[in-house]
Every structure is written in C-alpha cells, then in structure tokens.
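J.: Sequence:
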Amino acid sequence: MNAAGAPAVVLMTQVLALAGILGQPPARGRPPDFMMLEAPNTRTIEKGDQSNVDDAKQVLVRTDGEWTRLWQQHSPERPRPAVDFSKEMVVGVFMGSRPHAGFSTAIVSTTAANGALIVRYTETLPKPGTVSAQILTFPYHLVAIAKTDVKDVKFEKVQ
Numbered sequence: 001m002n003a004a005g006a007p008a009v010v011l012m013t014q015v016l017a018l019a020g021i022l023g024q025p026p027a028r029g030r031p032p033d034f035m036m037l038e039a040p041n042t043r044t045i046e047k048g049d050q051s052n053v054d055d056a057k058q059v060l061v062r063t064d065g066e067w068t069r070l071w072q073q074h075s076p077e078r079p080r081p082a083v084d085f086s087k088e089m090v091v092g093v094f095m096g097s098r099p100h101a102g103f104s105t106a107i108v109s110t111t112a113a114n115g116a117l118i119v120r121y122t123e124t125l126p127k128p129g130t131v132s133a134q135i136l137t138f139p140y141h142l143v144a145i146a147k148t149d150v151k152d153v154k155f156e157k158v159q
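What the sequence shown shows, in our numbering, is residues 1 to 159, in sequence order.
Quick caveat, the hints were computed from the structure, so don't treat them as lab data. Just so you know, not all the hints are guaranteed correct.
Cβ-Cβ distance ranges computed for the label pairs, FRET-style [unchecked claim]:
| hint | residue 1 | residue 2 | range |
| --- | --- | --- | --- |
| 1 | Glu66 | Glu156 | 40 to 46 Å |
| 2 | Ala116 | Ala56 | 18 to 24 Å |
| 3 | Arg78 | Gln159 | 29 to 35 Å |
| 4 | Glu66 | Ile135 | 25 to 31 Å |
| 5 | Ser109 | Ser86 | 21 to 27 Å |
| 6 | Lys87 | Asn114 | 19 to 25 Å |
| 7 | Asp149 | Arg78 | 28 to 34 Å |
Even glycine gets a Cβ: it sits at the ideal position worked out from N, Cα and C.
Could you put together the complete structure from these sequences and hints?
T.: Next up, the structure:
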C-alpha cells in the first residue's frame, strides 16, 4: 500500500471500530440510564448527580412543608418544583457522596399493596477500570406519584 492510502485505511478502521462498539447489545443486567423508561404511574421531578444531600437516604414527602425542607437541603439555590400535594406525593432516593462520576440511581417502580407502598430502585456503579471525572457526585432521583394513605413505606434496592 502506498503512503497516500494509509490515512484512508486508518479512518476506515476507526469507523468500523466505532460501529462495532455502538452496534453491541447492552451488557447483561439493567440497561443504561438513557434507555430507562419512566416507572409506571410516576413523574420524574428531577434526576441527577449534584445534590447537597451528603448521606444516602430514601424519602417519602407527603406535605408542602416537608417538600420545602427537603428542597432546602437538596438544592436551596434553585426554585423548588411545583407538586400538588392534594393529588401527589414525592418519593426520592439519594445515594449520598460518591468519589467520582459514573454513579446513578433510578426509581424503577412504585406499588401500593396491602397497606404498604413499595418503592423499588436501582443503584448503578461504574465498572472496574472505567475512566470517569474525578469530581464528587451525589446521585439522586425524585419522582411524584399518586397520593395514597398507606402508612408503611418500604424501599427495595433491586438489580
């Protein structure tokens, strides 16, 4: 091959390699966040990795006052999203402080049965060897769900 054709071969190799990477099916287990569908009967209020909530916790918010207090802890510099607490309540999952990017959480289902609300959520960790931004992150997911009078709330981490 002559030197003039070498850049074309390199470019073609890169294109094929990229196509091979993008053409692979997702790894086993939970699909990536960009493929996640909204959990039935929920409305995402906010999801991200920059919260002021330092510790891992799960929350159920039933009143405007509780929502104000949580929002002041979570993101006091931004306006609080509107929630109609006569019709909705908020459930949230906070992973707490993480040493770098690549962590996330997602509420995947909420079910009211037998007087209890069951909130299922996932936590995604970066795969070993993954290169990620070296910045503290605080992953969270807040969703609104239909108001219910259940007394018992159970948060279940699922794979």
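J.: Given a hinted range of 40 to 46 Å, is it respected by the beta-carbon distance of Glu66 and Glu156?
T.: The hinted range 40 to 46 Å is violated for Glu66 and Glu156, with Cβ atoms some 22 Å apart.
J.: That 19 to 25 Å hint for Lys87 and Asn114 (C-beta), does it hold up?
T.: 23 Å, holds
J.: Does 25 to 31 Å hold as the CB distance between Glu66 and Ile135, or does it fail?
T.: 30 Å, holds
J.: Can you tell me whether the CB distance of Asp149 to Arg78 sits inside 28 to 34 Å?
T.: 31 Å, holds
J.: Holds or violated: the 21 to 27 Å window for the beta-carbon distance between Ser109 and Ser86?
T.: Given range 21 to 27 Å: holds, Cβ gap about 24 Å.
J.: Is it true that Ala116 and Ala56 lie within 18 to 24 Å of each other by Cβ?
T.: 22 Å, holds
J.: With 29 to 35 Å as the target window, see if Arg78 and Gln159 comply at their CB atoms.
T.: 32 Å, holds
Against the hints set out earlier in the document, a violation occurs for number 1 only.
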